[in-house]
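These protein sequences, in sequence, are chains A and B.
Going by our numbering, the first residue of the first sequence is number 1, and it counts up by one from there.
Going by our numbering, the first residue of the second sequence is number 1, and it counts up by one from there.
Errors might be hidden in some of the hints.
Said to hold, decoys possible - From the structure, some residues in chain A lie toward chain B, with a derived Cβ separation under 10 angstroms:
1) Gly362
2) Ala364
3) Tyr378
4) Thr384
5) Arg447
What the hints assert, rightly or not - Calculated lysine-lysine pairs in the DSBU-like style (CA-CA distance at most 35 angstroms, straight line):
6) A/Lys495 to B/Lys233
7) A/Lys380 to B/Lys233
8) B/Lys217 to A/Lys380
9) B/Lys233 to A/Lys336
10) B/Lys233 to A/Lys211
11) A/Lys379 to A/Lys459
12) A/Lys438 to B/Lys233
13) B/Lys217 to A/Lys399
Stated by the list, open to error - Residues from chain B that keep clear of chain A, each with C-beta distances beyond 10 angstroms, as calculated:
14) Pro169
15) Glu187
16) Tyr234
17) Leu304
Since the hints were made in silico from the structure, they are not lab data.
Note that the coordinates shown come from a computational prediction; the quantities given were computed from them, not determined experimentally.
C-beta: ideal position from N, C-alpha, C; glycine also.
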Amino acid sequence: MNDTTPSLPLPPGTPPLVQLKGIAKYFPGVIANQDVDLDVMPGEIHALLGENGAGKSTLMNILTGIYRPNAGEIIIDGYAKEFASPLDAIAAGIGMVHQHFKLVQAFTVAENIHLGWDKTPKRASAQKLEARTAELAAKFNLQVRPGARINELSTGEQQRVEILRVLAREARVLILDEPTAVLTPAEARELFKALREFRNRGNAVIFISHKLDEVLEISDRITILRGGRKIATEQAEDCNPRSLAKQMVGRDIVLADMRQRPVGAAPISSEPVLRLDTVSALGETGLSALHGVTLDVFAGEIIGIAGVAGNGQRELSQVLTGIRAPSSGRILIDGKPVARANAADFVEMGIGHIPEDRLHSGLAPALSVTINAVMREYKKPPVTTAGLYRPGAATTLAKDIAGVADVAVPDFGMPIRNLSGGNQQRLVARREMRIANKVLVAAYPSRGLDVGAINTMLKYIVELRDAGAGIVLISEELEELLNLSDRIAVLYEGKIMGVIDNDKVDIDEIGLLMGGRQQTKEVA
Amino acid sequence: MLSGLRLQRLPSAHPGIALGARVAAILLALLLASIVLEISGAAPLELGVQVISATFGSTYGIEDLCLLLIPLLMTGLAVAVGQQIGAWNIGAEGQFYAGAFSATAIGLFVPGPEILILPLMFIAGAVGGMIWILVPTLARAYAGVNELITTLLLNFVAALMVYYVSTGPWRDRVGMSNSATPRVKAEIPEFWGLVHWGLPLGVLMAIGFALVLSYSKWGYEVRLSGSNPSAAKYAGIPVRRHIITVMLLSGMVAGIAGMFEIAGTVHRLQGGISNNFGYLGIMVAVLARNSCVGVIFSAALMALILNAGIILQTQGLTTSAVLAITGLILFLTAIGDELAHYRITRIKI
């Protein structure tokens, strides 16, 4: 389990580039890391795999000098080091590319590369900086446009700038946090190529991810963290997705068709419970975002909405839940047209909503867990009786929801932002499920979650379907849609390109529809 | 093995530590002020003793303190109320003037028994404050115009308007002064010594706001809307309506402050009647961390500082020195608040 065979032949006795020994890190009430050992050899891509809250980020924050460990040693090239600040880590050749890029949008690529770097010439013209940048780009074989401003670049290009910035500072260990989450498949392939080249020069990459397939594709060795502890380090060729997933979550998970109904599950209704009739709507910027969308949602079914993000998904979920009024067309609930879109009325009628960005629109991060948990039921007894809001009753309800969601909350009065992303999402999901007896609109419910949490989330959704609610599942994970949905509608530039029965599904056709091609023949 | 002390940032401050940090900040500010006073040749200890004996040594001192406390409490509450919906009411100063102006108009020009005129003045003050914040409120609610600028600019309009009427059309033509209106006859009855009923009323309003915010459906909706408007919209809460209501309430409280000042303390409208109470109210609210009940205490602290300043002025200190001490206290409190988030831990590497 601990044999360290890198992909490059190394002379015997070569010390690991990075060695962490017995690292522990405690936060008030939380053990973020305990007894973590990690060896990263020169010339290897080492994946760090784990659920949300497994301690990956904390461990990397320790390695990059952002946190100091409560116990343990950091050994770089055989020498024990103590990082008092991130600058020390950079000096030791450790660089990190964060999931959310730390670039100055209004600056050019060259300026961003040279920002806060002691090798930046004291007096340098824009041309000189750009020439230096072009030189660096050539040296590391990373295609960037030195003169372009960051806000003109695609996410993939921005990521290359981040990587180049780290490499320019002579990093020998490159840490990437969920690098492919923001990339298209083609960009991801480019990234992998660059990472392999970097590794082949005798450097090391630490690759944080929870996508099993890509971890298997890119890495030489894989270390699995769970609950702040190291579970195992394995050679990638000895692993398969199932074994990794099992070690990661500590139990078997089902990555399979979830369309089967158990006995006693509610059947699919004959009449739609919610219907959009040629609905158009404007987006945030006042431009048209939905064009003549007609969509039926039946009770007891899951209708998947496929499509590349940004094609009207946000507006669609808002229209379906009464947050956004349509500019034309009708919404019918149980066959009756809705006179005026009003989110509160929709909640009243049993339409729940897991919004796509829970922190921005589904929660008030600065307010307490209790206030957030009762957001859907604060008007009703027992929380409010005769106009009086009763904090005690609210906390009781919040405890119920947290209990069902299996979220341990140390203090219901603390701001909900102190909870991890997965726990927040579970609370939101359970909160919505309590009221969604007619329809649940779930927008990217698994986004940002790890395999275990995704599985829980999907189980919730199936459970609600079996109880007889209609589910609108908006997702960009085609696999997830295929596993769950009875029908799949494809959204492209605000239009429904087609609705396809899952049984008759042809992935190529969905791909074409997502790309804006018209459906050749009617299949729904 | 190395060992050392290290600071660790906690997500939220422990209340006891936060309170301690505040007390420490105030003491440190006073200490710094004393050092400066000492260097400039004054005797800080004696001055301190004088301030304390002049404030608490006599009924007069405490009365003066309370008379300062009333407007500070009200303007602080006005700002804190606005903050509940996420609005910065920088215009409590102008609403204070508008409230004082409207109350004076009733007091001077509407004949009738005091028992009727006084409530009328109260209503006029409240409405005056609301009218003064109406345009910024609607601009914020319907067009997203930042209320910081609009409320601030209207302060100057209100100040000039009051200055104009009190030296012009409404000026006292009988008395010696040309810079104030005649005395407004209706007076808020005294509650204790010179202190009028505005004080208990103000305290009750602060407690009332706190209760309504914590224990009503409306309060829940306001807190949610103030903390994250998009989450409130998602929850089906009429955010715009709450913005309008809460901002108008904020203006109302500041307007009532102006009315209290006219009918309880000064009895004449004059330029500068607000004494910067509106701006000081921002500090009061910030010190109270926008807690309506907290405003009572931070207003008391601010009143104490201002009162000390007045006493120090009689001892030859300038207003600027007093303002500097006030600023120092605020500055150090802000640092203390931030530091309260840190914990010192001993580490071994």
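Here is what the structure says about each hint:
At a threshold of 10 angstroms, the smallest CB-CB gap from A/Gly362 to chain B is about 6 angstroms, leaving the interface hint in force. This hint holds: A/Ala364 has a C-beta 4 angstroms from the nearest C-beta of chain B, less than the 10 angstroms allowed. Interface hint status for A/Tyr378: upheld, as the beta-carbon distance to the closest one in chain B is roughly 5 angstroms, under 10 angstroms. Interface restraint check for A/Thr384: the shortest CB-CB distance to chain B comes to about 5 angstroms, inside 10 angstroms, so the restraint holds.
About 17 angstroms separates the beta-carbon of A/Arg447 from the nearest beta-carbon of chain B, more than 10 angstroms, and the hint is not met. Taking the CA atoms of A/Lys495 and B/Lys233, the gap is near 25 angstroms; set against the 35 angstroms cutoff, the hint holds. Using a Cα cut-off of 35 angstroms, the hinted pair A/Lys380 and B/Lys233 holds, with the two alpha carbons roughly 18 angstroms apart. Simply put, B/Lys217 and A/Lys380 have alpha-carbon atoms about 10 angstroms apart, close enough for the 35 angstroms limit, and the pair holds.
For the proposed pair B/Lys233 and A/Lys336, the alpha carbon gap of about 24 angstroms is at most 35 angstroms, so the pair holds. The suggested pairing of B/Lys233 with A/Lys211 holds, with an alpha-carbon distance near 34 angstroms, which does not exceed 35 angstroms. Between A/Lys379 and A/Lys459, the direct Cα distance comes to roughly 29 angstroms. Compliance with the 35 angstroms bound is thereby established for this hinted pair. Between A/Lys438 and B/Lys233 the CA atoms are separated by roughly 21 angstroms; this keeps the pair inside 35 angstroms, and the hint holds.
Between B/Lys217 and A/Lys399, the direct Cα distance comes to roughly 20 angstroms. Compliance with the 35 angstroms bound is thereby established for this hinted pair. Remark: the non-interface label on B/Pro169 is consistent with the geometry, its nearest Cβ contact in chain A lying 46 angstroms away (cut-off 10 angstroms). The non-interface label for B/Glu187 is consistent with chain A: the shortest C-beta to C-beta separation is roughly 37 angstroms, beyond 10 angstroms. With a least beta-carbon separation of about 5 angstroms from chain A, B/Tyr234 fails to lie farther than 10 angstroms from that chain, contradicting its non-interface assignment.
The claim that B/Leu304 is not at the interface with chain A holds, since no C-beta of that chain comes within 10 angstroms of its own (minimum 31 angstroms).
Checked against the numbered hints listed earlier, the structure breaks hints 5, 16; every other hint is satisfied.
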